[in-house]
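There are 2 protein chains.
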Amino acid sequence: MFYLIGLGLGDPTDITVKGLEIVKRCSRVYLEMYTSILGCPQEELETFYGRPLLLADRDLVEQGADEILSGAAEEDVALLVVGDPFGATTHTDFILRAKEKKIQYKVVHNASIMNAIGCCGLQLYKFGETVSIPYWDETWKPDSFYDKIKLNRLHNMHTLCLLDIKVKEPTPESLMRRRKEYQPPRFMTVAEATQQLMTIVEKKDALERNTILNELSLCVGLARVGHDSQSIIVNTLREMSQTDLGGPLHSLVIPAKEMHPLEVEFLQQYATLKLEDYNH
Amino acid sequence: MFYLIGLGLGDPTDITVKGLEIVKRCSRVYLEMYTSILGCPQEELETFYGRPLLLADRDLVEQGADEILSGAAEEDVALLVVGDPFGATTHTDFILRAKEKKIQYKVVHNASIMNAIGCCGLQLYKFGETVSIPYWDETWKPDSFYDKIKLNRLHNMHTLCLLDIKVKEPTPESLMRRRKEYQPPRFMTVAEATQQLMTIVEKKDALERNTILNELSLCVGLARVGHDSQSIIVNTLREMSQTDLGGPLHSLVIPAKEMHPLEVEFLQQYATLKLEDYNH
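One line per chain: the protein sequences are A and B, in this order.
Heads up: the first sequence runs through residues 1 to 280, numbered per the UniProt record's numbering.
Heads up: the second sequence runs through residues 1 to 280, numbered per the UniProt record's numbering.
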C-alpha cells in the first residue's frame, strides 16, 4: 500500500494519530519538504517518529516516482507532505502514477494553509480563487494574479495569496553543466509580496486604483500559521510593505471590501487602525 | 487555557497527536456535533481518549458560552469540533467570547471539508466562493446559491456546495411551547441537492441554461470524505439526481467548465462518461 500522509503545519505533534501509526509500520518513509516547510527540521521528526526518513527532494519527487513507489504493491511505503496531500499538484499526480502501476493508495488528511487561513477570522466560504505571487526578477515580472484579486474584490470575495518558495532551485549558470548547483532557499515575505502588489497597483489607471485596490486597501499578513510563533497583522498595503513578520512561511490575504461584523471584530484584534467603517 | 480542537473528518484516530495530548489533560472536554458529524459515535471517541466527554449541543454552544468557558482562565477546558475549528462561524464567535473574558485560547487545526475536498482531484486554488444548499420546504425555496455557482462557472472556478444538516431542530409546533420537541436529524443527500439545483436550472431562461449550467453539466458527488467508506462519483446533474451515495455526510462540487488535463484524468477514475472533450 502507498500512503500519502499530511503532516499539518506546525511541529511533529501535528501529525494525526492515524498518520503516526502508519509511519511507524512502513518499510520506507519519504519526507517531501520543497513545496512547503514545517516549523521543525527533519531530525526532530525522526526523533519523534523513532525511525529514519528518506528525504524526497524536488528531483526525486518529480522524476523519481518509480523509485518512491517501488515495492509499494507488496509492502507499505509512505510519502509525508507538509499540510494536506492534495495541496500541491505534484501529489495529485503521484496518486495517478500509483494507480497506473496498480498500486493501492490511501490518503491521510490534515490541515493545510487552504483551511488554516481561517485563523485570521475571515470566513472560509467567502474566499474566491487562490492566487500565487511569484518572485520577480529583472526580466520576468508576471502580474496576472492581480486580475484574480480584482475579480474576487469585485464580487466581494476574499483572496488568499500563496507566496513563492524557492527551494533547491538550480542556479541559471549551473543548468548547462553536468553537476547542478543550487541557489540558497528563499521564502517570499509579506513585505516583498505587498511591494510587488503596490508596483502593479501603481501601474493601473487612477479610476481602477481608487475603487478596486489601492495602497490604502486592507490586507492581512500571516506568518507561521499553525506554529506556536504564529503572527497576524492587519494593515494597509502601504504599511504592510514595510512590516517585518519574521521567519517563514508567510501568507497574505486581501479581504473583500464588505465584511461581516464578526469578521471585522475578529480582524480588529490584529489591527491598530479602526476597522469599523474603514472603506478603501 | 481554552482549547478549540479540530477532530478531522473520519474516525477517532484522525485527531492530531497534539490534540490528543491536550484532550487527555483537560479538566473538562466538550464535544460539538451539530454543525457536522464524525463517522463514529461519541462513545467510540470516549473509549479512544480514555475519558468522558460533555455533549455540547446546539443550545449549549449558541447560548451556553459562559458555561463552557467557565473556569477556563484557571484550568484547561477544550471544545472538540468536527473538521477544523474555523469551519463554522459559531466557533469563531466562541473565540471572541473567550477573548472578552480575558481567557487565553489555543487552536489545534485539522483537515476539514474545505481542504479535504481536494480528494476528487480538482485543484483547491481554483475553487471560488463556497455555497450552502439549504433544505427547501413548501413555502421557502431560496435559490441565491445558484447565482454564486453561475459566477464561479463564468470565471472558470469550481464550486464546493455544502449540503444542509438539520440536527436538533425544534419542530415548528413545539416552538411556542415551554418544552421543545426536536425533529429527527436530516442530512441532505447529493441526489436531493442536485434535484433542487435542476429545479432552479429549469426555471432559468433557455439561453442561460445552455451556456452556464444545465442538466448535462458535470458534477462531483462525494460521500463520507475522509472515512474508509468514502465514495466519489462524477456524472451529469441529471444522472446524479438519481444516484444514491449512501450514508451522510454528502458534498457536491460543480467543476469549472475548463479543467486542467490532470484534473480531468483524476476525475475520470470516478466517471463512466468519457470526460475528455466533454463540454456542457
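Everything labelled a hint here was simulated from the structure, so no lab data went into it.
Be aware that one or more of the hints could be misleading.
Claimed, not checked - Taking beta-carbon pairs under 7 Å as the criterion, some of the chain A residues facing chain B (in silico): (1) G118; (2) G128; (3) I165.
What the hints assert, rightly or not - Result set (EDC-like, lysine to aspartate or glutamate): computed pairs, CA atoms no more than 16 Å apart in a straight line: (4) K106/B <-> D147/A; (5) K106/A <-> D147/A; (6) K106/A <-> D228/B; (7) K257/B <-> D277/B; (8) K141/B <-> E173/B; (9) K99/B <-> E74/A; (10) K106/A <-> E169/B; (11) K99/A <-> E169/B; (12) K126/A <-> D147/B; (13) K126/B <-> E74/A; (14) K180/B <-> E169/B; (15) K106/B <-> D228/A.
We put the CB at the ideal spot given by N, CA and C, even for glycine.
Hint numbers not upheld by this structure, sorted from lowest to highest: Those not satisfied are hints 3, 4, 5, 8, 9, 10, 11, 13.
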